[in-house]
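When you read off a place in the sequence shown, starting at 1, and then add 36, the result is the number in the working numbering.
The hints are simulated quantities; they were obtained by calculation from the structure and are not laboratory data. These figures come from a predicted structure and were not determined experimentally. Be aware that a few hints might be false.
[As the list claims (entries may be wrong)] Across the chosen pairs, the derived CB separations fall in these ranges:
hint	residue 1	residue 2	range
1	L60	E276	23 to 31 Å
2	L58	Y206	38 to 46 Å
3	E90	H257	37 to 45 Å
4	F213	H184	32 to 40 Å
5	S189	S242	38 to 46 Å
6	I240	P164	37 to 45 Å
7	V241	L60	27 to 35 Å
8	T65	Y206	14 to 22 Å
9	I105	T169	17 to 25 Å
10	G271	S242	35 to 43 Å
[As the list claims (entries may be wrong)] In the SDA-like style, the derived pairs of lysine to any residue whose C-alpha atoms are separated by at most 20 Å in a straight line are:
hint	residue 1	residue 2
11	K121	A99
12	K166	A99
13	K277	F213
14	K166	G72
15	K239	A99
16	K166	K121
17	K121	M160
18	K239	K266
19	K282	S211
20	K217	L253
21	K282	Q272
22	K266	A219
23	K266	V241
24	K266	F246
25	K277	T202
26	K282	K217
27	K166	N93
28	K121	P67
29	K282	F73
30	K239	I279
31	K277	N93
32	K166	F108
33	K166	D89
34	K282	L258
35	K239	W71
The beta carbon of each residue, even a glycine, is placed where N, CA and C say it ideally should be.
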Amino acid sequence: RIQNYPNGDGMAGYPVISISQLTLNFDETTPSDSWGFCLVDVDVEQCLISAIDENDNEVSVEAIDNWLIELFDANTIEFGINIPKWDASHAALLGSDTPEDYVVYNNLVIGGLDDSEAAAAFFMPDIPLKSLTIVYENLQETYFTSYHFYIASLFPTAIAEMEEATMAIYPNPASTFVHIKLAYSSVKRHASKNLILYDILGKIVSQTDFVKDKLTLDISHLAAGVYYVKAIVDGQSITEKLIIQK
Numbered sequence: 037r038i039q040n041y042p043n044g045d046g047m048a049g050y051p052v053i054s055i056s057q058l059t060l061n062f063d064e065t066t067p068s069d070s071w072g073f074c075l076v077d078v079d080v081e082q083c084l085i086s087a088i089d090e091n092d093n094e095v096s097v098e099a100i101d102n103w104l105i106e107l108f109d110a111n112t113i114e115f116g117i118n119i120p121k122w123d124a125s126h127a128a129l130l131g132s133d134t135p136e137d138y139v140v141y142n143n144l145v146i147g148g149l150d151d152s153e154a155a156a157a158f159f160m161p162d163i164p165l166k167s168l169t170i171v172y173e174n175l176q177e178t179y180f181t182s183y184h185f186y187i188a189s190l191f192p193t194a195i196a197e198m199e200e201a202t203m204a205i206y207p208n209p210a211s212t213f214v215h216i217k218l219a220y221s222s223v224k225r226h227a228s229k230n231l232i233l234y235d236i237l238g239k240i241v242s243q244t245d246f247v248k249d250k251l252t253l254d255i256s257h258l259a260a261g262v263y264y265v266k267a268i269v270d271g272q273s274i275t276e277k278l279i280i281q282k
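Using the sequences provided together with the hints, build the complete structure.
Following this line, the structure appears as structure tokens:
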């Protein structure tokens, strides 16, 4: 978790001077579909997202747009529900109170707007990256402001991936029940076979055991969205994506 404070006075209609930049240079090229990042507490501000891929090329805004998983409010108790805006043409996240006609990159301060609370967005890069950059611009006249940045792996890294097994999930997408079956490339008796279902934020929503390498899972109570099914067999794991539709 990182908290940035791009402080500085601003005046409505004048260029933004309260700007901060966060760049993450990864020691190793990131994997795809197994980690994500979250921007939280975006009020009357804009967060411009850019990245460099494994081939040292700048990632296109179209590709970054595909990373967006969810716009949400991380704190609905205070200040009501505040959902941020997403400008796909500029890969820019805007606060919920930002006017609809605000033009990204005009770099002008907006005045006379109230602060919101905990407007947030979750992203999952689907290509390997060498670096990720967030440029945060405070569009308010307020002197003190901040935003929070979270980055995490969706799954523990201490469990080895199974190389001799496959997992079939059907139907996928699903709405009420889903059938899951394991298959192995070699005949071997396995002592333990468990299944864990995670939501997009990495929270466990279901956990059970396999019976004869297959099971049927009731998902009727779960909200629509992207989930991850992880099978753990004798300490090794295999993970597949599940889409729930309503």
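(request) Report the numbers of all earlier hints that the structure fails to satisfy, in ascending order. (result) 5, 6, 8, 10, 15, 16, 21, 26, 28, 29, 31 and 32
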